[in-house]
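Chains as they are written, first to last, in my numbering: chain A, 1 to 476; chain B, 1 to 478.
Treat the hints with caution; some may be incorrect.
[Unchecked claim] Cut-off 25 Å, straight-line C-alpha distance, at most; resulting in silico cross-link-like pairs (SDA-like, lysine to any residue): (1) A/191 x B/297; (2) A/160 x A/205; (3) B/356 x A/139; (4) A/27 x A/82; (5) A/191 x B/411; (6) A/191 x B/292.
[Claimed, not checked] To give a feel for the contact side, a few chain A residues facing chain B, derived at Cβ under 10 Å: (7) 44; (8) 92; (9) 126; (10) 184; (11) 194; (12) 228; (13) 229; (14) 230; (15) 270; (16) 274; (17) 395; (18) 426; (19) 430; (20) 471.
Derived from the structure by calculation, the hints contain no laboratory data. Since the structure is predicted, the reported quantities are computational estimates derived from the model, not experimental observations. Each residue gets a CB set at the ideal place from its N, CA and C atoms; glycine is no exception.
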Amino acid sequence: MSIPTQSPLQSIDAELASRLLAAALEKGGEYADLFFEYRSGADFSFEEGRVRTVGRGITTGLGVRVLRGDATGYAYTEELSTERMLDAARTAGQIASSPRAVGPLSVTPRVLQSLYAIDRSSLEHPGEEKIAFLRRADQAARAYDARIVRVEVSLSEEWKEILIVSSDGRMVRDLQPMIRFGVSAVAEDGKDRQGGRSGGAGRYGLEFFLLPEQAPEHHGSEAARLAIGMLKAEEAPAGMMPVVLGPGESGILLHEAVGHGLEADFNRKKTSNYSDRLGGLVASELCTVVDDGTMGNARGTINVDDEGNAPQRNVLIENGKLVGYMQDHISSRHFGQTPSGNGRRQSFRHEPLPRMTNTFLAAGQDAPEDIIRSVQRGVYAKHFSGGQVNISNGDFVFSLTESYLIEDGKLTAPLKGVNLIGNGPETLRQVSMLGHDFRLSGGTWTCGKDGQSVPVGIGTPTVKIAQMTVGGTRKS
Amino acid sequence: MNEIMNEPLPERMSAGASGSAARSSRPVPDPAACRRIAEQMLSSALKAGADGVEVLVRDASELEVKVRLGEAELVKEAGSRALGLRVIKDHRAAVTYTSDFSPSALAAFARESVELARLAEPDPLADLPAAVDMAREVPELDLWDDSVLGVGVPQAIDWAVRGEAAARGFDPRVTNSDGAGFGRVVAATAFATSAGFSGAYRGTSVSFYVEPICDDADGKKRNGVYWTANRFVAALMDPEAVGLEAARRTVAKVGARKIATCEVPVIFSPEAARGLVGQFVGVMSGGAVWRRSTYLASRENTEVAAPFIEIVDDPLLPRGPASRPFDAEGMATKTLVLVDRGVLKTFLCDTYAARKLGRRSTASAGRAVGGGPHVTTSNVILRPGKTPAASLEKVERGLYVTDLMGFGFNAVTGDYSQGAAGFWIENGERIHPVSEITVSSNFDDLWRGVDALGDDLDTRSSVQVPTVRVGKMTVAGL
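Here chain B stands alone, though its shape is the one from the complex (with noise of 0.2 Å):
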């Protein structure tokens, strides 16, 4: 998929973090190296002249590697770190980066950071939080497998070719490929802050896909993809039944045609509905509630969902594709109930939002080395039903969506209309494929119209979501 976005917002500052071990000499990333960095520019900002600081040190490896047509396309291994630092000087905050860790430079860094800060105004709530807030210890969450290093470039190779092949191979309709593709990354973080708390962590993560191609009518194409990711190389899926499950989703598209504008259920994929469930938990954000821009600002304690829906988020999760032992304030991480029987339980907040909003912060703030803190999910987890998903379609005409396009959500309004694809479902069969329709309704009706969820949740990604049944619609087509 590609996309154009009109972005009136600053691009975060990207110091990103992605990179290679096994071939290269560049060392393993280390936790406990990070964390010395990240103390020592700790104390070069104090000294530097800074009331608070907070210094997040990542450091990572990647290896990507695709196949096409049975060929290598590319190999690209690299590493990377960066360093991100927030200082906070008469209640001015300036966050600041660098990919340079010479000593020197380091130094001068923390110097002119302190310097910067003089151009902000101040804001009593910018404060570090307190030190009585910090986390005591890092809990272990199981997030590093070794054997993930293990794992080489002609190891990934074969994988991605067997799973390519598997996909051509599963029906003459599979006529070209899009490739298929393994990567990984490892990566160590590490955050200290003057308030009290310094801790590291490290974490390792694995996927692969396939993205078969079939020719349709008119010179169209269509491309399905499936993948499998995991923090651990033994759990993830053979190539094969990647592969076969990706061309299956694929030669199913093919004929897709567009339907007649209705009012009808709507079925959505847990693929599908892991965005709906992504821009919700969006809209339960602290930051976004002070600034007024979620319709669900006045709407705690209130039904916001259907009464059988359960939201949470949950950093602790052993082996989550999201966990983090603390957040990224020092804080330590907790489970949190967003949604209980449909009542909206809390907003996430970091700092600042909780002190705008007058509460504590859920240690639910995020961050990137090149930005500062801000509110962020870990893994978010809408609980599944007990009905069969298969069942779900088992409505007398209805509409299921596998794919979504586009970026029609209104936060401030809830107004939501997407571009979809999928297929229409008649006497509880799904009768043919269809694409270049929308899907539109309002979040509040949306997610209050829930009649039924699925028993299959998809715990792939960092928002683990089962099928999802809206009981009405609106479907723009013809």
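Chain A on its own, in the form it takes in the complex (with noise of 0.2 Å):
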């Protein structure tokens, strides 16, 4: 299963494409795209100071989309045989009910930018090479504190090829690595017992190792700390309260509160508590937020995305006022925009939806001690485990791993897990100071929606809400 140096996605040609959305047309669809994927993936899980398992997979597939308005015709194959790619084509195709013959197609392919080279997959280096990361991991955690009782280590690596081509004339193929390693604790003393994780990931090859944030030692001792750390942990106050987000993790706020909310999808639905409010003032006048998906080597970025536009730096919220959407096919055909690049899908059993890449916060002028000591008694989060949002009402939760209590500007007792709850306008209106320190978080991001998962990137500088309730169970 080593990597062929020709994925079947070589063998799509122009004219194999034509025919294919020629046949997906022939029913009087007024739109069709193709979207090949070849994915090829490795992980090694270790725990008890030992390789546990090693596992190895490659998908392969089509995915056909047929356009009849707003309404999507849809059908995915794993054989590429011309038969039944031939097949995928006319049931997607079933959409539309006027047939008409389809005249010749043509294709043209496009090169695109590269925006995270990398110089050899992690794929193509022996398995041993790998172990030695996890082994470092483990040894981090486990020297951390003699009360680390289990360690467990995880490396996930793949190579996904895309090939996009539509009846507009597009064809593009892009590859995306992605290279993910976590490490998660179990601290002991006797009494209580409290688990800590530390993980990152990136469009990287095993170079990823050599980022001193992804260092294997990094997230081995992290975890352990985290771990140690909840040992003596308290229990969170219940109610609303001043609450200080550190820079980094905390972009969870941004993408929960409003980057869902400013898909384009919801908005052309009305079914967003932002339809209906560009130009409006939905945050205080300190906030920009940008959803932008060509960083680097960032979990969110794309060079391409999965309808064949290319990435940009898109500014949702300028300023406090809302300035934008994310947009895919459909939805910039009805807003009358051009398609932001935010078209993406889990893999070619998915439709596309307009999602996010690297959604953030951009940096404040406030100095992060200066934040932290406005705050007569609050919360101060550190690190997160995930988020949730009701796109319809805005109600967003995210849940705490690592916080403090802030007393008298100084952080004092560290608390147990713990939620915050909001509503996104809200919750952004009430931000009252922002940091200079912005981040991208280097961390393992996967935002759900509609049943499908895809990779992102969040970030923030540190910020003040100035009233939010956090969810304890100790009443002040």
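Both chains are given apart, each in its own frame, so use the hints to dock them into the complex.
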């Protein structure tokens, strides 16, 4: 299962693609695209001091989409025989019902910019090299503290090739590597037991591990530090109070509070609480929110979106004012705009949707120390496990895995895991200070929408939310 | 609901199974054909030098239809099949998968999988289960309905249009729609193991939902959903009934507001309580026990819930959404009592967890095509009480929870905190809808603090739960 120097996608040429598109459109569809995908992946799991399992897998397939108005017909196949591919094209084409003769379609291959060129896929390196990274993380976690009783380390790598061909004549190929690494540790002190996790991901080869914040030792000791720190965590308070969000991972706030609500499909259907608010003030004037699919090797970066459009730096909110949505093909047509490079999908089995890439809140002017110092009593949030939003009403939650009480402007007791709950526009109006310490999180963020998962990036500087509900158990 | 998760552990490599039957020329998933492929792969891998081999083959076809504002929005039809392999060589394990079924590719796949195992380190506990533990027969669980294949695209669209129209016609406050949809999956699963078993089964499932939207103050929208699902088409609720129930639930949310932070009894609807039960049985997994990642690790045969609570895992439930005649290691499945009169009776184990804990597997191994075996539940049932569900709301002050949000459960400590929405109750009556609050507790306090169960078991999904009332929880709001 070495990587074929030629993936099965190499044999798909413009002539075959045109034939498939013609079949897709023969029932009268207005637009069709083909999404070919070849994915080769491996994973390694390490626990109790040894490599427990090695995994390997390859998936190949074609997804065919046909549009008639706002209606989508979709079909896919894993077998890339001409017969099966034509079958999928015709099945997707049945969304339309006025047969017509389709003339020859001409498609032109395009060459893309390369935002994350890597020398060699990690999959080409011998497994032993990767196992060495697992061991280093395991040792770092165990060496951190004698109270660390369990360590699990995992590494997964993926080499993904895509080929997109559309009936308006575009044909693009892209390579999308991804490497992810994670450590989880359990600490026990005879009385309590706590867990901690640390991980990172990006579009890299094995040079990923040379980044200081992605070194195996860093993740090992960080997972251990979180587990040990939680041993003396106190119950979190309950109720409204000031919340300071640390730089980087707190970008989860943007992702949930505004990100999803600004995906164009919800606004086209007017099911988002940001619908019809373009040009309006939806956040504190300190806030500028950006979605940028062009940020180097970041997890959410793409050379091309899954509909064949180039990624961009899209400003969504500028100084508090709503200025743009994230568009896919269908929505951009509806809004009379050019696609913003946000049409993404989980795999060839899924239709594209407007999705985030790397979404962040731009830096402000304040010193992070001043922000913490300004809080009499509140919560400082540093690490998160995830979040969720209801698009319709804007309510969102996110779950903290490392947080501290702020008392008289200083971080004091570490707090047990707790949720913060807020409402998107209301919370962003409560942003009262913004740090100059912007950071993009290097974490393993995966975004879910309509049952489809895609890798994303998030980022923020230190942020002060004047008032927000903290979902602890201790009544103040 | 849209979400983001930080996943330090690897994404399961997806070699999914979903997919079409009626219109495409692709054949209907056939258990016998899958089993033949599984057995061929078994012998190829043994020939390639494996000491132990397990093969899982899954072939499925799907139809998904979505309608919005009376028009078709999506029609998706496809089929897919994939093969997952676990090989053991010198007590070393490799797990691989492929969707390329050509004979030459399968032969090469077998050889490379055995070769890959050399990278793992020896672990005798990873060996296959003993031959004596293998299933002897494959019980018939009534999981297949021929009429599912008869539901074509026009029929599915018609149902969705009718369901959505019923919702939009229910009340003028229903101003928009997130649509209505129908889905069906037809799947065949085959498993073969060198431990001495091969078997296959097939199943159908159909589901239907309606999701209306109301406009509320400040540009907020209120969405709600109701759905029906079964293995048999005839057992689905009528589209109109689903639409009306969805609209009733959505309209009731208009005007939702935050409440003051308090400690009150909390009543969870069956939909909301389902998540709590899922998390509860998750920490009864033998895998979590030997990894010391569950607060129940040393609590077997002790009280973990109120004395009237009984929870079972029943893989043999006829027509059950998650029924399975054998587990993912080839062992005969059986009904397990997990909690009896509030006492934790057993942990769920696959072979590896059982060996780690020095006991026998409970035949609870599950497996996706792209991953190795691990402990899973099947149909989990929290036995209902005898009290009419509505009378659980007869509290002086309390919170009725319809929706939960977020990932606020710490399995290691049992600490629990989730976002919630529902209704505020005074003197036994729902006074107004509530949103943007959290409910918090520790699972040990929560489950031992349950003081009533409704009689309204919700059998639509694989976690079947009635209304649940917890005597006291912290509600964080204003």
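How the hints compare with the structure:
no.	hint	verdict
1	A/191 x B/297	holds (13 Å)
2	A/160 x A/205	holds (13 Å)
3	B/356 x A/139	holds (23 Å)
4	A/27 x A/82	holds (19 Å)
5	A/191 x B/411	holds (16 Å)
6	A/191 x B/292	holds (13 Å)
7	44	holds (8 Å)
8	92	holds (8 Å)
9	126	holds (9 Å)
10	184	holds (6 Å)
11	194	holds (6 Å)
12	228	violated (13 Å)
13	229	violated (13 Å)
14	230	holds (8 Å)
15	270	holds (6 Å)
16	274	holds (8 Å)
17	395	holds (5 Å)
18	426	holds (9 Å)
19	430	violated (13 Å)
20	471	holds (3 Å)
The structure shown violates the earlier hints numbered 12, 13 and 19.
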